[in-house]
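Number of protein chains: 2
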Amino acid sequence: MKAFMEPEGVALIGISRKTGPGSFNLMENMIRFGFQGRIYPVNPNMSEILGRKAYPTIREIKEPVDLAVISTPRETTLGILSDCVAAGVRAAIVVNQGFADADDVGRALQKEMTAIAKRDGMRILGPNTLGVINNYTGFTTSFMPITKEEVPIGLICQSGIFFVGAREFSRNIGKGIDIGNGCDIGFYEALKYLGEDPQIRIVAIHMEGLNQGRKFLRLAERIVEEKPVVIHKTGSSERGAAAAVSHSGSMAGNYQVTRAALKQAGVIVLNEDGQMAHAVKTLLHLPLMKGDRVAVITFSGAAGIMITDALDRYGLRLASLSPKTTETVSRLSPGWMPLGNPLDIWPAVMLNGPDKAYAMALRAVLKDPHVDGVICVAIGPKVPDYAFLDVSDALKEVTGELPDKPVTAWLYGPNPDDIGKRFESTGRVMVYPTLEAASWALSILRGRHKILMK
Amino acid sequence: MKAFMEPEGVALIGISRKTGPGSFNLMENMIRFGFQGRIYPVNPNMSEILGRKAYPTIREIKEPVDLAVISTPRETTLGILSDCVAAGVRAAIVVNQGFADADDVGRALQKEMTAIAKRDGMRILGPNTLGVINNYTGFTTSFMPITKEEVPIGLICQSGIFFVGAREFSRNIGKGIDIGNGCDIGFYEALKYLGEDPQIRIVAIHMEGLNQGRKFLRLAERIVEEKPVVIHKTGSSERGAAAAVSHSGSMAGNYQVTRAALKQAGVIVLNEDGQMAHAVKTLLHLPLMKGDRVAVITFSGAAGIMITDALDRYGLRLASLSPKTTETVSRLSPGWMPLGNPLDIWPAVMLNGPDKAYAMALRAVLKDPHVDGVICVAIGPKVPDYAFLDVSDALKEVTGELPDKPVTAWLYGPNPDDIGKRFESTGRVMVYPTLEAASWALSILRGRHKILMK
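Top to bottom, those sequences are chains A and B.
For the first sequence, the residue numbers in the numbering used here are 1 to 454.
For the second sequence, the residue numbers in the numbering used here are 1 to 454.
Source of the hints: derived by calculation from the structure; they are not laboratory data.
Mixed in with the good hints, there may be bad ones.
Said to hold, decoys possible - Dumping the calculated DSS-like pairs for lysine-lysine here, alpha-carbon to alpha-carbon at most 30 Å:
{"#": "1", "chain 1": "A", "residue 1": "Lys356", "chain 2": "B", "residue 2": "Lys356"}
{"#": "2", "chain 1": "A", "residue 1": "Lys18", "chain 2": "B", "residue 2": "Lys356"}
{"#": "3", "chain 1": "A", "residue 1": "Lys367", "chain 2": "A", "residue 2": "Lys324"}
Construct the complete structure from the given sequences, taking the supplied hints into account.
Next up, the structure:
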């Protein structure tokens, strides 16, 4: 995979003359992304493009080429791959669609492509792929514009949507591998590379079909002891599984069996498309949870009940707070207030102000030996008039003092987004759009701890 | 309920001298909210507050009072209620906590409150409530600041969180009733009022416990024939149900039984806290779905598969597109492209430009007699450079021509929020944060159509 992720010389075969937005010019995108290596455009009808000399064929390039990126009509692909083999190129990305994702002709072409890989020792990524992203070296083969950010997140997918829609799927991508139809390089090779890459702390995977199942599972079992692997396996429905065949030529396999096997291997398996971004930010920023006991600090009893329900669904439970914790909060609250967990601190807030009440309650539960993690419910008030209802300073102070237990949060009110950013800027409190997600996030931190303790 | 929602004279008992942010002064909030009726503050230690004459007791007010709003310590509440009865006031809101939500003393006090309501013919809302919001007359009893907007959404809840967090829960509230502990007025009375209110088109309910179950269900069965009723029933877990008792003194009842009975009555029952806002905007803006056949237009095959899975979970299915529809799109696509449903139009976009490809595909599926609803997947591009990837104009034009089938959407990429707003500003396409939610939204439009056809 090194030739794909950190090439020094790259030949681009099938580059168009058009540049600028709307041209989806892969070479222009690669340069803009900051690739510092040598680029060799190959096009028999041009002498130069974007200021670089163009070559009629790959054989004409006299300097070493680690990687060929091929975006030409499918009829030409096999011939070009043979040229690459002849020119001593050992790695190629086939960008085009029209293979196992298309029709019988395409399936036959892809079979031949696999044979070239096997026979000639060339590694092929794709076809039907945006290729790779490496934000650490500034290299990408994506023809779609993508955002740059050095984050220790490795992504493996079977669709360019996850390169372009990185924000929805995983916040962002440090390194990404789109295996596309997977004619040669598959999930196994990609996971091996990102799993063993010290710059990558989390591996996020979108999976339509899993080939080399056993081999992949054995590898995953080993990788999860080092870093979390999160998988969104699609194709749960019969029609969805059939659609996977036509999208990436993938056999979706039995969904429930694959899911169970992945879980068994210690992989975090998602239920729906919104969860990947939540999983990634949770694992990136919060400490693991050493037990299953959760304290809830809330401005609202109703929210406490919804969290209680969600914890039950995700195998966690409400902590039985120690008397010391309850006493601390009860000193701030009216005498009639029944204090348990969820800890409804609104009356304490009314009497003592939000900052003081929140800080004392949070400090007490984080110090409580019966508590393993905390969910905070608070208001996102309009500022500046109601800035005093923003408890982010209190959270920052207390989680700074006591950083060992995970704290998730949910905000309501007129301004949850801005105040949520303030919460997250502490680096120790992550905010989620629903109580459900704030509860689920703790459960994956619990799961990770169990795996590491095995 | 009229005295609560549209009073002309209101006595406010237990108003503090403090004003401004942080004082949570109910009277100040009421005036700021725009209430045009008569307000009578009652406080024996003041002669005036906020420019209005204060009265030592309610008996001193010589003009008619429709509604008393009581926010005093619990020890004084029963005496004040008796004063109100003596002064001929027939409706009261008890704001304070400390009753069935608190301890044995509180429970006894609340029982006595119920007795006063029964014996003296006074209607009581609460205790433990923010009271009401009526955006149509500019009246509220909430001591928390809330946003003003005239929307035909009626909310019934058991917690102030839904007044303050209206955005998270239901976008906004036209009229709201917080029944709190429900000592007298409960879900039945509130649903009867909002259900029969011609200004309200959707009733959204947060429910911890349901008293008068049979009566409520019979009423709901009748109301859902006129307008949708959406309920988030909490207390699914044993601990959550126990917490409901301590939060609002509610008996959560058997969760599964209540849920099944509500569904049987035609109510839309939610699974988690994020869904209410989605349900409300869907029902407010989109037409009902006359069958279960969905067409998916997508820039990404992977997204199509995830939608296919979600449709299966929500009892919908992929439409078998008519040959005419497929032909229309295939004229825009490369020859090898297998075109089915999901309709992957990315190759067509590359050849024809996003606007043209999207408009032709959407027009074709909306005209297709085998299609009942549509899910659109598109990119939220950076503007102005990539503005040509924004297909909102195409969506506006086509849904304007063909407005009879519901269209939901999901966006990915660097700028989904801004482009999402452009989609929604068409008034005919609603955007959701996940593919799951965009699929679920169609299923509730399908459910509504079935109920109206019964």
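Verification of the supplied hints:
{"no.": "1", "hint": "A:Lys356 x B:Lys356", "verdict": "violated, 58 Å"}
{"no.": "2", "hint": "A:Lys18 x B:Lys356", "verdict": "holds, 20 Å"}
{"no.": "3", "hint": "A:Lys367 x A:Lys324", "verdict": "holds, 10 Å"}
Violated hints amount to a single one, hint 1; each of the other numbered hints is respected by the structure.
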